[in-house]
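A.B. asks: For reference, the chains in residue letters:
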Amino acid sequence: MAMLKKYFIGLLGLCAIIALSAGCSTTYEYGDSGDVPVYSTGFGATDLQQVAAKMTTSLLTFPPIVDITNERRPVIVVEKVKNKTTQHIDTESVTDSIRTKLIRSGKFRFLDKSTDGQTISEIKRQQEQGLTKQSQAAQFGTQEAAEFILTANLTEIKQTKEEFWNEKKAVYYKFTMNLKNLKSGILEWSDEKEISKLKTDPRFGY
Amino acid sequence: MKKTKTLLSGVAILIALPLMIALSGCSSTSGIQGSSAIMDEGYGIQHSEYVIVNNPKVARGLQIVDIATQFVGNMLQADVTLVSKYSDTEAYQYKYAWFDIDGIEIDADGNAWFAFIMYGNETKTLRGVSPNPAAKQFKIHIRPSN
Chain A
2 MAMLKKYFIG
12 LLGLCAIIAL
22 SAGCSTTYEY
32 GDSGDVPVYS
42 TGFGATDLQQ
52 VAAKMTTSLL
62 TFPPIVDITN
72 ERRPVIVVEK
82 VKNKTTQHID
92 TESVTDSIRT
102 KLIRSGKFRF
112 LDKSTDGQTI
122 SEIKRQQEQG
132 LTKQSQAAQF
142 GTQEAAEFIL
152 TANLTEIKQT
162 KEEFWNEKKA
172 VYYKFTMNLK
182 NLKSGILEWS
192 DEKEISKLKT
202 DPRFGY
Chain B
84 MKKTKTLLSG
94 VAILIALPLM
104 IALSGCSSTS
114 GIQGSSAIMD
124 EGYGIQHSEY
134 VIVNNPKVAR
144 GLQIVDIATQ
154 FVGNMLQADV
164 TLVSKYSDTE
174 AYQYKYAWFD
184 IDGIEIDADG
194 NAWFAFIMYG
204 NETKTLRGVS
214 PNPAAKQFKI
224 HIRPSN
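Chains as they are written, first to last, in this note's numbering: chain A, 2 to 207; chain B, 84 to 229.
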């Protein structure tokens with residue numbers, strides 16, 4: 002019986018080791034881009050999606066903008082987001098998402114300043130190389146002018162609290178976006194999205 | 084007798100331990116679903132709404148009490164009002180899906196899950212706006228936060 006007991010305890014230990022080590026190998030898999038987990042208090046993909054959704058919804062449903070977009074599709078130019086946080090954030094990605102959503106709504110048209118260099122060289126090529134029919138060649142000075150400019154700021158406030166068991170960190174983000182009429186200088190629309198992220202670090206254990 | 088008891092409890096641990104470890108990472112990703120459609124079948128605009136409960140545990144704590152739909156310009160706007168039936172704070176996620184008049188999903192890849200918190204017995208409205216004017220129906224999926 003004592004032998005059986007020893008054998009049984011050994012089996013129990015082996016089983017526990019196998020069960021515990023089952024998840025210890027490195028794995029790779031595809032995730033859902035619409036369900037990105039939160040691993041840090043940094044400005045992440047989920048925050049980008051939240052900001053883009055909030056700003057698009059707000060702009061598309063703001064009554065004076067609804068009146069304007071019922072009549073025509075205004076032309077907008079997007080400025081880079083002023084990143085006032087201490088983090089390196091690809092803010093162009095945020096404005097790209099907002100711009101894409103607004104274009105796909107069919108309500109706005111956009112000018113893309115980032116490709117102006119390529120546009121100039123292509124127009125020059127069409128006009129100077131002698132390969133393009135001049136009746137069809139693009140001309141300088143024929144592009145549409147933007148009616149509105151979209152500007153944005155991203156700020157953060159960090160707070161930490163030391164406790165005996167834990168260290169708590171709270172990061173508050175505020176993304177503010179404005180739509181300004183370039184001719185009149187009037188701010189036609191503005192909205193904010195606030196995001197709060199919390200981290201609790203236990204001092205003991207993990 | 085004592086030895087048999089020890090052996091039996093050992094067997095129970097042997098079965099329960101791997102099972103507990105295997106199940107520790109599992110949580111249901113289903114929840115509740117609200118839906119609304121606007122149809123014009125020649126005799127005026129008709130609304131139809133329904134709520135589907137896929138996870139009774141979520142439905143015990145959260146109830147869809149109102150589904151309001153309106154057009155802002157020509158964009159479909161949805162306002163889904165929820166009430167928490169718990170007195171504790173609970174974390175959830177929601178996602179809107181938009182469909183055209185034929186029931187085909189619009190921009191299926193572009194809808195992300197958004198986190199929200201329901202405080203004890205709180206009432207909250209989740210607003211969504213369709214990605215473009217083609218949307219005539221929507222669904223909202225609500226699930227517990229992981």
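Don't read these hints as lab results, they were simulated from the structure.
Worth double-checking, as some hints may not be accurate.
Below 25 Å or equal to it, Euclidean Cα-Cα: the simulated DSS-like pairs (lysine-lysine) are [as the list claims (entries may be wrong)]:
#1 K198/A with K178/B
#2 K178/B with K194/A
#3 K55/A with K222/B
Covered stretches of chain A (in silico footprint by chain B; criterion: 3 or more residues with CB under 8 Å from a CB of chain B, positions within the stretch not fixed) [stated by the list, open to error]:
#4 50–58
#5 103–116
#6 134–140
Owing to the predicted nature of the structure, the values given are computational and were not obtained by experimental measurement.
For glycine and all other residues, C-beta sits at the position ideal for the given N, C-alpha and C.
A.B. asks: Can you confirm whether the C-alpha distance between K178/B and K194/A stays at or below 25 Å?
C.D. replies: Since the Cα atoms of K178/B and K194/A sit roughly 18 Å apart, the hinted pair holds (cutoff 25 Å).
A.B. asks: Check whether three or more residues of the segment 50–58 of chain A sit with their beta carbon closer than 8 Å to a beta carbon of chain B.
C.D. replies: holds (count 5)
A.B. asks: Please check whether the segment 103–116 of chain A has three or more residues whose CB lies within less than 8 Å of a CB on chain B.
C.D. replies: holds (count 4)
A.B. asks: Would you say the segment 134–140 of chain A counts as covered by chain B, given the rule of at least 3 residues with C-beta under 8 Å?
C.D. replies: violated (count 0)
A.B. asks: Please work out if K198/A and K178/B have their alpha carbons no farther apart than 25 Å.
C.D. replies: Holds, at roughly 20 Å.
A.B. asks: If you draw a straight line from the CA of K55/A to the CA of K222/B, is it 25 Å or shorter?
C.D. replies: Holds, because 18 Å separates the two Cα atoms, which is no more than 25 Å.
When the structure is compared with the earlier hints, a violation turns up for hint 6 alone.
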